[in-house]
Amino acid sequence: MYDFHNVALTPNQSLLLNIAILSVIVYAVIRSERRIEDSNPLVMIGILAIFGIAGRILLDPLPNFQPVTVIVLLAGIYYGAPRAVALAGIIALTTNFVALGHGPWTLFQIAGWGLVGIAGAVFADYLLKDDQLQLNRLAVLAIISAFAFDWVVSLSILLNADASMLVPYLLNGLLFDLYHAVGNLIFVAWLANPLSDLMLRHKIVPSSRAVNQVATN
Amino acid sequence: MSNYLKPLSVVAVIVLILLAPSIRDALKEEAATYVNDSESSHNGLPESWNNSQVFCVLFLDQVSHPKFTSGVTMIESDGSILGTNSEYNGTGACVGGFSGYENGLDLMNDAVNSSGNDLVYNSTEFSFGLQIDSIGNIEPCDVAECSDSSGAYWALYHNGGASMVGISDVILEEADVLLWQIETW
Chain W
1 MYDFHNVALT PNQSLLLNIA ILSVIVYAVI RSERRIEDSN PLVMIGILAI
51 FGIAGRILLD PLPNFQPVTV IVLLAGIYYG APRAVALAGI IALTTNFVAL
101 GHGPWTLFQI AGWGLVGIAG AVFADYLLKD DQLQLNRLAV LAIISAFAFD
151 WVVSLSILLN ADASMLVPYL LNGLLFDLYH AVGNLIFVAW LANPLSDLML
201 RHKIVPSSRA VNQVATN
Chain X
218 MSNYLKPLSV VAVIVLILLA PSIRDALKEE AATYVNDSES SHNGLPESWN
268 NSQVFCVLFL DQVSHPKFTS GVTMIESDGS ILGTNSEYNG TGACVGGFSG
318 YENGLDLMND AVNSSGNDLV YNSTEFSFGL QIDSIGNIEP CDVAECSDSS
368 GAYWALYHNG GASMVGISDV ILEEADVLLW QIETW
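The listed protein sequences correspond, in order, to chains W and X. Each residue of the first sequence is one higher than the one before, counting from 1 in the numbering used here. Each residue of the second sequence is one higher than the one before, counting from 218 in the numbering used here.
So here's chain W without its partners, still in its complex pose:
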């Protein structure tokens, strides 16, 4: 009867709408996290997945600007490589399947983000000193991760193009890599601290340190 949903939004309006929705989700998730008592990291993985999925889909109008790389990197630092890779898989598969388009590249995206998560886990001790996130180092790694992720995903063109096309393809994509890198810098600068507070509360205590803690008690 009434066609109230037939409203045409300009791209800018829909981007603003998406950012508003994302803010509501982030705010609601942060509020609800305070009530999670147990320190089960899988709950946090779920929360991070919601962040990543919502962020990637809603920020899609901005080229290559999404929080997933930084989230997976943080997950690697706090929760280790396996959980970070799982998170990468969940986010890539869900976002591609629901909204952005699923295909062979999904596997390359999972590999790319998985690699970012593994890097986070490998450099965890370097990036996290006395539970204090070293933001400058994280920013550098996040910028490198942007390029590494994009180049891993670019390898998917080898499925239907020959190797000589790879270098021109990568060169053509360099601007999008830069968007990704600057986006990561933004997320590290503005999101890493609140997110890491959240994650620290549900951090897994590695068994070796856990014994230590028990001993001090």
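It should be emphasised that the hints constitute simulated quantities derived from the structure, not laboratory data. Don't take every hint at face value.
Over 10 Å on every C-beta distance to chain X, these chain W residues come out as not near it, computed from the model [said to hold, decoys possible]:
(1) Leu17
(2) Ala28
(3) Val43
(4) Gly89
(5) Phe97
(6) Thr106
Here are the in silico distance ranges between beta carbons for each label pair [as the list claims (entries may be wrong)]:
(7) Leu15/W to Thr286/X: 36 to 44 Å
(8) Asn12/W to Ser351/X: 26 to 34 Å
(9) Val43/W to Glu247/X: 33 to 41 Å
(10) Asp125/W to Thr286/X: 53 to 61 Å
(11) Pro238/X to Leu158/W: 28 to 36 Å
(12) Ala161/W to Asn320/X: 39 to 47 Å
(13) Gly377/X to Val98/W: 45 to 53 Å
Computed from a predicted model, the values in this text were never measured in an experiment. Built from N, CA and C at the ideal position, the CB exists for glycine as well.
Given the coordinates of chain W, assemble chain X onto it according to the supplied hints.
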């Protein structure tokens, strides 16, 4: 320690937004690769145009077009510059990335539009078709000596061979290449 990270990230965004167009053009030029196959009518043209229709104009070196002074400038159908092939045998410009054109004159008109009218032409309508008098405001006799016994004209090539018909009668297929260059007699 990380106090400056937030302002730095904002500055980085602003710088990137300001620089994006020039970075894009520079990368595009850097990434352009050209067909290297003397048998192909696309020889010397960007590989990304392999399946598209292309319109080229070559000026004689001695009277280069004011804008196209060296090599062959490759212009996309949207008017953006793809790059300049300095290895190309000649000086001028090509406009490519077109598809679906069946008539030579239609392609030429749209290519001239894409070039921002740098390739604007003058023509005379004859009963047998259109004769091109000047392209890019250059007339053949500006470049070559024209007398009673000699002259110069804009010659049309279709896929590398001299066209048998005038521009308004050329029937195009996909990936065809039209080229004008000045010839003397």
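Hints and how they fare:
1. Leu17: holds, 21 Å
2. Ala28: holds, 24 Å
3. Val43: holds, 28 Å
4. Gly89: Correct as stated: the minimum Cβ-Cβ distance to chain X is 28 Å, above 10 Å.
5. Phe97: holds, 30 Å
6. Thr106: Label holds. Min Cβ-Cβ 26 Å, cutoff 10 Å.
7. Leu15/W to Thr286/X: 36 to 44 Å: holds, 43 Å
8. Asn12/W to Ser351/X: 26 to 34 Å: For Asn12/W and Ser351/X the Cβ distance comes to about 45 Å; the hint is violated.
9. Val43/W to Glu247/X: 33 to 41 Å: violated, 47 Å
10. Asp125/W to Thr286/X: 53 to 61 Å: The hint (53 to 61 Å, Cβ to Cβ) holds, given that Asp125/W and Thr286/X are roughly 59 Å apart.
11. Pro238/X to Leu158/W: 28 to 36 Å: Holds: the Cβ-Cβ distance is about 30 Å, inside 28 to 36 Å.
12. Ala161/W to Asn320/X: 39 to 47 Å: violated, 33 Å
13. Gly377/X to Val98/W: 45 to 53 Å: holds, 50 Å
Hints 8, 9 and 12, counting from the list given before, are not met by this structure.
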